[in-house]
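> Since the structure of chain A is provided, determine the placement of chain B on it from the hints.
2 protein chains.
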Amino acid sequence: MMRKKIKPAFKLWFQIGDNYVFGEGVYELLGQIQEKESISAAAKATGMSYRYAWALIKEAEKHLGESIVKTQKGGKHGGKSEMTSTGLSLVNNYKRLKEAMIKACEIE
Amino acid sequence: MMRKKIKPAFKLWFQIGDNYVFGEGVYELLGQIQEKESISAAAKATGMSYRYAWALIKEAEKHLGESIVKTQKGGKHGGKSEMTSTGLSLVNNYKRLKEAMIKACEIE
Chain A
128 MMRKKIKPAF KLWFQIGDNY VFGEGVYELL GQIQEKESIS AAAKATGMSY RYAWALIKEA
188 EKHLGESIVK TQKGGKHGGK SEMTSTGLSL VNNYKRLKEA MIKACEIE
Chain B
128 MMRKKIKPAF KLWFQIGDNY VFGEGVYELL GQIQEKESIS AAAKATGMSY RYAWALIKEA
188 EKHLGESIVK TQKGGKHGGK SEMTSTGLSL VNNYKRLKEA MIKACEIE
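Protein chains in written order, with the working numbering: chain A, 128 to 235; chain B, 128 to 235.
Computed list of lysine-lysine pairs in BS3-like fashion (alpha-carbon distance at most 25 angstroms, straight line):
1) K230(A) - K134(B)
2) K138(A) - K222(B)
3) K222(A) - K225(B)
4) K197(A) - K132(B)
5) K222(A) - K134(B)
6) K138(B) - K225(A)
7) K222(B) - K134(A)
8) K222(B) - K230(A)
9) K189(B) - K132(A)
10) K189(A) - K134(B)
11) K132(B) - K222(A)
12) K197(A) - K134(B)
13) K225(B) - K134(A)
14) K131(A) - K138(B)
15) K200(B) - K189(B)
16) K225(B) - K225(A)
17) K185(B) - K134(A)
18) K138(A) - K138(B)
19) K138(B) - K189(A)
20) K225(A) - K134(B)
21) K189(B) - K138(A)
22) K185(A) - K132(B)
23) K222(B) - K132(A)
24) K132(A) - K225(B)
25) K225(A) - K131(B)
26) K230(A) - K230(B)
27) K131(A) - K225(B)
28) K131(A) - K189(B)
29) K138(B) - K222(A)
30) K138(B) - K134(A)
31) K225(B) - K138(A)
32) K189(A) - K131(B)
33) K225(B) - K230(A)
34) K185(B) - K131(A)
These are computed hints drawn from the structure, not numbers from a lab.
Chain A extracted, bound-state conformation (with noise of 0.2 angstroms):
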C-alpha cells in the first residue's frame, strides 16, 4: 500500500474518571517486584530510581484508593515485597489487554 514502511504503535493505561491510575511504567515495576520481591530491587530492573518507583505506587495508590504493593517488615533479609490482589489483578488485566492490542496491531 504505502511505500514507506509504516507501523502501528500505541499507548495503553487505565483510568478513573479522568485520572490517570495504572500505565506502562507502573506495570513493568509490578512485574519486577513480583520477581525480586523488593520495590529497590525492582527500581534498579527498570531503570527507575527508588524514589520514583515509589511515587509511581503510591499515586497509583492515591487514586485506587487500595495498596497495589504490600511489604513485609523485618526477617532475615530485610522487608519482602509483593503485590496486593489488586496489583495482581491490573496486572492481569493490563496484560491481557495489551497482548490483544499487540494482536490487532500485527494483523493490521
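Just chain B, lined up with the frame of chain A:
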C-alpha cells in the same frame, strides 16, 4: 474486582521508524475533509485553525513522502479538497485498528 470504576484508555498512532506520522488528529481531519471537501471547513469542524490543520497534513506528508490530500484548483466554488488513495488507506487502516482496540477494551 476493584472498588472504584477503572476504565482502559489508549492512544493509537502510526509511525515510520521512530517518527510519528498519523494519529487521531489527522484521522479526524481527513474524515471531515472527506465529508466537507474543504480543508478550511474540516479544520473548523474539528476545532483546529486552518494553519494548524494544514501543518498537520504537511507534516504527515513529509514523513510519508506522499500526499494524503489533494485540492483541485478553481471551479465554481473554489478548490475542492479530497483524500488521495494514500490518505484513504491510512484512514481505513486507522479506523479498523481503533475499532479493534475499542472492542478489546470493552471485553475488559
